[in-house]
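Each chain, written out:
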Amino acid sequence: MLNLSSLLGVAWRSLLYRFSGVVLTVVSVAISVFVLLGVEHVRQEARNGFASTVSGVDLIVGARTGEVNLLLLSVFRIGTPTANVSWSSLEQIEAQKNVDWTVPISLGDSHRGFRVVGTTQEFFTRYKYANRQALAFREGAQFSGPTDVVLGSRVAAELSYGLGESIVLSHGVADVSFTHHDQLPLTVKGILAPSGTPIDSALFVDLSAIDALHADESDNNTGHTKTDEGTDTRGEGEPHEEHGAHDEHGAHDEHGAHDEHGAHDEHEAHNEHVARDEHEENGGAGHAEEGHAHDHPLIGAVTAVLVGLDSPIATLQVKRWADNYPDEALLAILPGVALTQLWELVGNVEAVLLGISILVFASSLLGLNAMLLASMRERRGEIEVLRSIGAPSFFILALLLLESLLIVTTGVVLAVLGLLLCIGVANDVLVQSFGLMLSFQIFSSSNLFFLALIYLTTLIVTVLPALQAYHVSKSVGGGSPDS
Amino acid sequence: MTKSNTVPDAIQLKNLGYSFKGSALPILNIPTWQVARNERVFLQGESGSGKSTLLGLLAGLQLPTLGDVDILGTRMSSLGASKRDRFRAKHLGVVFQQFNLIPYLSALENVLLAAQFGTSGGAVARQRAIELLERVNLPSSLHGRKAAALSIGQQQRVAIVRALINEPSLLLVDEPTSALDHNNRDAFLALLFDILADRDCAMVFVSHDPTIGQMFDNHVRLAELNQVAGRD
Chain A
35 MLNLSSLLGV AWRSLLYRFS GVVLTVVSVA ISVFVLLGVE HVRQEARNGF
85 ASTVSGVDLI VGARTGEVNL LLLSVFRIGT PTANVSWSSL EQIEAQKNVD
135 WTVPISLGDS HRGFRVVGTT QEFFTRYKYA NRQALAFREG AQFSGPTDVV
185 LGSRVAAELS YGLGESIVLS HGVADVSFTH HDQLPLTVKG ILAPSGTPID
235 SALFVDLSAI DALHADESDN NTGHTKTDEG TDTRGEGEPH EEHGAHDEHG
285 AHDEHGAHDE HGAHDEHEAH NEHVARDEHE ENGGAGHAEE GHAHDHPLIG
335 AVTAVLVGLD SPIATLQVKR WADNYPDEAL LAILPGVALT QLWELVGNVE
385 AVLLGISILV FASSLLGLNA MLLASMRERR GEIEVLRSIG APSFFILALL
435 LLESLLIVTT GVVLAVLGLL LCIGVANDVL VQSFGLMLSF QIFSSSNLFF
485 LALIYLTTLI VTVLPALQAY HVSKSVGGGS PDS
Chain B
257 MTKSNTVPDA IQLKNLGYSF KGSALPILNI PTWQVARNER VFLQGESGSG
307 KSTLLGLLAG LQLPTLGDVD ILGTRMSSLG ASKRDRFRAK HLGVVFQQFN
357 LIPYLSALEN VLLAAQFGTS GGAVARQRAI ELLERVNLPS SLHGRKAAAL
407 SIGQQQRVAI VRALINEPSL LLVDEPTSAL DHNNRDAFLA LLFDILADRD
457 CAMVFVSHDP TIGQMFDNHV RLAELNQVAG RD
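As given, the protein sequences belong to chains A and B, one line each in that order.
The numbering of the first sequence is this note's numbering, which starts it at 35 and goes up by one.
The numbering of the second sequence is this note's numbering, which starts it at 257 and goes up by one.
It is worth saying that the hints were derived from the structure and are not from the lab.
Just so it is clear, CB atoms sit at the ideal spot from N, CA and C, and this is done for glycine as well.
Please note that the accuracy of each hint is not assured.
[Claimed, not checked] Listed next, the stretches of chain B that the computed footprint assigns to chain A, with coverage defined by at least 3 CB atoms under 8 Å from CB atoms of chain A: (1) 327 to 341; (2) 358 to 370; (3) 380 to 393.
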């Protein structure tokens, strides 16, 4: 009876006729939808990014402290370690049934405000983020010796370092440190690709490098303060306390506990373990194979241990074992659980963003309603004309709906394209300054829900006035009220 | 259909009553009124006398509260809303006082849109529309012009063409000249009579202006027709 092309033609001409108004409406819809989707996306991404800071690690073991503290320290590298995990404990952990791998991390040094992580080469293959995504190198490769350093992407970008650059680490984590390990400059061996996690703002060196650095300092500096600080390998700010703790630790651990262990343990590995301990105790080079001579009492102790298990079923079992480890006060955390706890602490941010989302949504709906209603009123006369020439109600409804949907859809498409463009442009900056990387997956379920509501509202706001106009235009009168 | 052996009247009202929804006071009460085929009737009514409502009833845009409205032998109340839409498109032509046209469509498109809702379409309708537009003195240079860009006199002439494009049997005209100056008004009326002269089409012309009524054989005052108490 009436063909679609004539409907489209009329709708198109109608939109062109009201071009400036239509453009304004489209722009306003686009801005509303842009802000709505953008805020909601950032909210989701902040949460997801947070939750995906670390994955593929089943447990993190550190000295006993709060769960959130350990997470902050080991993953976000916020805060200072209060105690360490001794090398012997690390080996005990590794020897546990179901433990597939362990990666030690050792904190305490920094470079121009960025934290330095002493770890093993395995870190780069074991540490995962997001959806089990492995770390990737943008340039170079992982460190292969104690004089190599790998930079997080943000470190490299902010300090404009390239491969081959020679850098000097500082002791402690303050921005300005008076103690520089300048005897042992390190060479940039690799630069990581951005991950949007705290990895981006850290430097990675071999565990032996950290030991070597401090051993070197201890050897070469005879001044009391220097020695103190040098001794305080992992601790920051309170060298004396640490020092005391180390002494106690050394005495207790090396002599008492390990003998006992020797007696109980059936593991063959233990021999080696004891040997290593004794070696260290005797002032040997520890595990630092290049063998800088030193007598650092803490060689081999680490801040935390990332643990991977054969099977996730064993997680709680190993956690219980670590929590009850007799020789040292240890704490094992499940990264996912601890991240959730931490997010609950900082979740106010999310609540604020959610509140903003809802307000933006409400205001964009109201704005859309106001515009569509105004245009409906404007078109009352047009509807009467169409009625008088016998246009079926379907035609009138379809015409008005088509126009509204075209306007809203154009606005939504513009908003989506704009948002994707902005994400593309902003990601560099966001990663650099906030360690936040936005994905291009902006159609989350909540965003789709918001969009569906926008369309539903459009439908209602168009159909109801159109039907009303249709029913009101019962008289032949060119828009004049009934007489 | 009282006279089954002859052609039914263009309009036949019987015991027509109309009141607004929720109002007990009727605004129309017409015991009986006929308009024969091909008859041209001038219906004089002041604004507020219910003439627009009556035209709405005649056009099938609404249904009476009481009584029957038979148009061309078809009882309006027997048709559903969409059938009345189609009936209107096919058999009736309507011209308002102004704002007759869709402003963003050209003169020709306005006429063709009406043709589409009726029966006709395609090249034949297009040809007829062009002929009719030229008949009302609209040169082809104006056919493609947007309705909003035409003068009111031109718009009203396009409105006549649009009303007649489907060869209706009844033309309902509501104050078509109220927005025109004196000269234009006379020219418009002359053109209207001229174009209807060779057509088989009844017309009800509604106006408050009695001077126009002199041009019609049949001059009816709505006040006389309408038996609602308290109205003039």
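>> Is the listed coverage of the region 380 to 393 of chain B by chain A valid when you require three or more residues with a beta carbon under 8 Å from a beta carbon of that chain?
In response: violated (count 0)
> How does the coverage statement for the region 358 to 370 of chain B fare against chain A, requiring three or more residues with Cβ below 8 Å from a Cβ of that chain?
Replying inline: Since three or more residues must qualify, the claim that chain A covers the region 358 to 370 of chain B holds, with 7 doing so at under 8 Å.
>> How does the region 327 to 341 of chain B fare against chain A when you require at least three residues with a CB closer than 8 Å, holds or violated?
In response: holds (count 3)
In summary, the one numbered hint that this structure violates is 3.
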